[in-house]
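From just these sequences and the hints, can you work out the full model?
Residue-level listing of the chains:
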Amino acid sequence: MQTNFTPEALENPAMQASEKILRTCVHCGFCTATCPTYLLLGDELDSPRGRIYLIKDMLENNRPATPQVVKHVDRCLSCLSCMTTCPSGVNYMHLVDHARSHIEKTHRRSFSDRVFRGILAAVLPYPNRFRVALLGAAIAKVFTPILRHLPGIGTRIEAMLSLAPRMIGGRSTLERPQTVSTEGPRRARVALLTGCAQPVLNPGINEATVRLLNRMGVEIVIPKDEGCCGALVHHMGHEAESHSFAKKNIATWISESEGEGLDAIIITASGCGTTIKDYGFMFRDDPEWAEKAAKVSMLAKDITEFLATHELPATIRATSHTVAYHSACSMQHGQQIRDEPKKLLKSVGFNVKDVPEGHICCGSAGTYNILQPEIAGKLRSRKVANIQKIAPEIIATGNLGCMTQIGKGLSDTNDSTPIVHTVELLDWITGGPTPKALEKAGLGADMAINTLAAE
Amino acid sequence: MGIAFPIPDNAIILRREAIISGLSALIPPESLITSEDERRAFETDALTSYRRMPLAVVLPTTTEEVAAILAFCNENGVKVVPRGAGTSLAGGAIPQEDAIVLGVGKMNKVLDINFGDRTMRVQSGITNLAISAEVAHKGFFYAPDPSSQLACTIAGNIAMNSGGAHCLRYGVTTNNILGVRMVLIDGTVVDIGSDAMDAQGLDLLGLIIGSEGQLGVVTEAIVRILPMAEGARPVLFGFETSEEAGACVAAIIGAGIIPVAMEFMDKPAIEICEAFAHAGYPLDAGALLIIEVEGSDAEMDAMLKKIVTIAKKHGVKTVKESKSAMETAAIWKGRKSAFGATGRIADYICMDGTIPTGQLPYVLRRIDEIVKSYGLRVANVFHAGDGNLHPLILYNCNDPEEANKAEEAGNDILKLCVEVGGCLTGEHGVGIEKRDLMRHQFTEIDLGQQMRVRAVFDPKWLLNPAKVFPLDGRISA
Amino acid sequence: MSAPSLFAEQELIDSVHAARNAATPLSIIGSGTKSQIGRPAQSDKTLSTAALTGITLHEPAEMVIAARSGTPLAEVERRLADKKQMLPFEPMDYRPLLGSTGEPTIGGVVAANLSGPRRIMAGACRDSLIGIRLVNGKGELVKSGGRVMKNVTGLDLVKLVCGSWGTLGVLTEVTFKVLPKPQRSATLVLHGLDDANAIAALSAGLGSPFEVSGAAHLPNGVERVSATLLRLEGFDEQITYRLDALKKQLHRFAAADYVEGAQSAALWRSVRDATFLVEPRENAVWRISIAPSKAAKIIAEIKKSLTIRHFYDWGGGLIWLSLPATGDAGASAIRSALFGTGGYATLVRGPADIRAAIDVFEPLSPALRVLTAGIKQSFDPDGLFNPGRMIAGI
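Chains as they are written, first to last, in my numbering: chain A, 6 to 460; chain B, 220 to 696; chain C, 940 to 1333.
Source of the hints: derived by calculation from the structure; they are not laboratory data.
Honestly, I wouldn't trust all of these hints.
Which bits of chain B does chain C cover? Going by a derived footprint, with three or more residues having C-beta under 8 Å, they are [to be verified]:
#1 447-457
#2 543-553
#3 583-590
Each computed BS3-like pair below joins lysine-lysine, with the alpha-carbon atoms no more than 30 Å apart [unchecked claim]:
#4 K351(A) to K357(B)
#5 K1187(C) to K542(B)
#6 K358(A) to K394(A)
A quick note: this is a predicted structure, and the numbers were derived from the prediction, not measured.
For each residue, glycine too, the CB sits at the ideal point set by N, CA and C.
Written as structure tokens, this is what we have:
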């Protein structure tokens, strides 16, 4: 499209980058077809093309964001389905990231909005605080009928409380820095991002990952000073904060890489993976961090990406369970990883099925299901209905947010189909314990175990 | 840029508040868009070099709402620009300052499917591809497949009488619609056609299809669905020259074979598409044909054998047959994303003219000459079976001089199409893009007859008035 | 165009001007083989296109043919057959049914939108028609469309004029997109099915991937044993395979045998020309268009009050029926049965007094009437051409 940035404006590297992106958009409208919000609302303004147009006007004129622009950009899930569809290669992700930080710099949100977002940013990235908050949520749940009527934030509080689990388990042993060495010869050495919400909500995922990798002769290090990848606050437009989180991780991983060496940085939540793979872009103009960030982005691998290039251990259980593979947006659109997880599951014996409308987001999208409960709720119902169409025995995915979101959707329809992380299934079939969710659903008790292989 | 819009009626603009107030009584708040920022997203379609801010935008959800809106606009002299998905390459959905945009995007449901009769009733805001997706599980599809089918609405297809690569075998929109529910400018709701195969009386349906939003707003359509063939297989044929490719097409038709699609691409187009789709297009070919056949495996084998024999007689250098569903999808993905993929390397105008197929080599040579004379580049994609040509003129849209040159080159190409016995537009529609060239194809008498027919539906020229007919010499009755 | 034909076209234009000046309405005919269809003529003068003959364009490689409107249909078909091509829409010959004589013209085919059995697969006449030249009621020569199929330039007057029964203008030239003539043609025949099952069988056939190009049912009112017909056309190997595959698919309805060549062609000519209903000559004949799934029910409904003979074409989407030409020739019973179904009926054969008294063509809703009258006015402001042929007063 034609752009109208002044030469002065283009001296700002962020503006320059966004101008390039805007030039590639030909306004063809293909993106509208696969955008979840356009699907639900039928309004150009809630489509990638419309948002691009709003952002273009805002940035070209270097104007403060107006409430209307904020409304429509806030509604964007950053699912990146549009990027998969776009034939012109428009990097929508970078454009909307820039727009979000521009919004935070130029627009004063309402008091309740600011407070709410502030709380989310202050709590979710920190496992200890998150744990405390969840305990509080378990108690506050009982007050939901009253709380939901609070003006402005009622629906968001309701959404938040409804997503919080009733109970959380004890701390995992993996929560502190450590190295898990292999018993036999070491084939590779990787760092594991333990994450922020994940170890609290579902420590089983990291535990399964470590077991499986260990079994494959991979040494895992959980380095000191590792923390939240920053995706959460990045998607809220808090650029300084997200950079701060990122730098901490980059520093510790580079130190490991330059120390004992790293073959990969393993990430088990695709939402984090997309952001970490973007560290290189985020720090491209920072001479001190650019090279390190790029190296980290290069080393970053989703667990399924890593497993796909290595030989899995032998299976010790025979399975023919039907598994619906829910391809998280950050996985399929953000990282363009589509087939590897399915191939892995098939290779150990699962009957893998695709979910209809699989390219459409489940509505989790980081904190979207809390900040935009209405749209997220509709997308959740739609996703659950689509999954139910294929009647799977197990649902597998590679992102914690999706597990929480879809899990709630299933329980809303009294559907007890278990949802687990892909790596939990792979660990289970090759020697790990039965994942709790499968135990609860009564699966696996009668599966034949190849005791020879198990030894 | 060179295309004029009508001078906005200032009286309407001055009454904007009252008009918006009137509209707000007819539709819920989320269906009415009035803020400047939000209206801006509707100021253009895929012909982005032209932009006009509308008075307001309405996104109704029922036929009744559409009727109320049109009746109100009719009473108040407010112009209406209907909009589907805004993917028009001819500026068909570009509004004007004294008009509201009426978008049908929220009316996107499937209303009824009858597999025995092979008909479907849908709301007009549903996308073309969604119609096919709805019946794919039973082995049916909706045939016309414009390249934008992922996003474009059936409403837009009906307005433009859209085609697509497979229309060689299955026809265009007007051959695949059985009926519409349309709202006239005075708010009357009229059903034209039905689920019966041909409509009573005058073929008003045939008139409405292709009328570019100037006769009414279609809110529902009854479409034909067809059984999918047992299988489909595209084959790539690489030739050294377009002459050879063109002669091959003629010979295939002469042998009584009508493949389901025959697409032609010249070298620049091949390179652009391959860069995006990685479908294995031969990068050393001067011209490429994608020929698709349908049927059982044995039938396709037999048909392709015949076609390959013919192609060999015409100097084909490369023959690549798709060996899997994935390869088929990739081959078509390249062709169908040609326009957007071009956006990766340059800005472009996508032209749309039709020529008698025998004229292809001559016209390609002339196109090359014309575009070069303006100092620009061109890539050509062509529906070889029916002569519909899509030259993609590459230029830099941030350079006003180049933009003007590109537009003029496009106009010259379209005039050439008419000169050799073709027409200005094969499937994109006239919109604003070809409006001022209409006199190259039609006499004043021809245009007069069309305008008198138009006046039967919209005597006040309120519906999409900037389009199709030259701004001067308009008649209202 | 060559000089003699320009002369003929000019003569036509002059005749229209003359009629305009004298305010004399005209009956437009090619050779008049279909003059008896529609409400009786309300004009004494006839304007014929008989002098406008000749094929003006035939490019086999582009699958296009153009002819002046007075050219005999037979000539067009012969020229196409020479190059192994055909008019896809299989226009019927009304002469047997109507007992008329003369050589049907290509212009008449267009004016009546004649579309035979292959309509269900290859489209109607209006789907093949891509260009027209006509003289409107102002004596103006109007052209629409051209010689290329992909043409969306301006309003599609080509479709509007096709099937307008000469009420909008006098065609002088018509251009068609044609198709190759199939190498082989065969017809599957299933015996003994009742109407509902027959239509279900036809629907199943038409929903198959085998490109059924003709789907008709002859109930045991017109045949001794009912016969359900499905035609397949294509290349030799294709037909061998498809006949077998379709037989298997339809086995659940009835066993099928098949006919080919001249026998198959003759069968479809009869379906096309409704020869089953030619006799008794005094009977009125109706043509009903309706969604196939509703067809059998409609016939059952009509049979409650009328004695009819009928058969189905277009997979059940077209019903031909004949009944005694008494009273209103069944008009009210037929129309009330059709009410609300989306279907409609046209009386194609009946005595002139009945045709003057009833609605020959389906009556229009008020909104459609306004539009139709307006369009008529926009072409023919003085009401010169076939006034009242389709709708009284228009």
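Hints versus structure:
Figure legend: the region 447-457 of chain B, annotated as covered by chain C; annotation consistent (3 residues with Cβ-Cβ distances under 8 Å, at least 3 required). With a cut-off of 8 Å between beta carbons, the region 543-553 of chain B has 0 residues touching chain C; three or more are needed, and the interface restraint is violated. With a threshold of 8 Å between beta carbons, the proposed coverage of the region 583-590 of chain B by chain C is violated, since 0 of its residues qualify and at least three are required. Proposed proximity of K351(A) and K357(B) is supported: the alpha carbons are some 27 Å apart, at most 30 Å.
Restraint check for K1187(C) and K542(B): satisfied, since their Cα atoms lie roughly 29 Å apart, inside the 30 Å limit. For the suggested pair K358(A) and K394(A), the alpha carbons sit about 11 Å apart, so the restraint of at most 30 Å is met.
In this structure, the hints that do not hold are numbers 2 and 3, in rising order.
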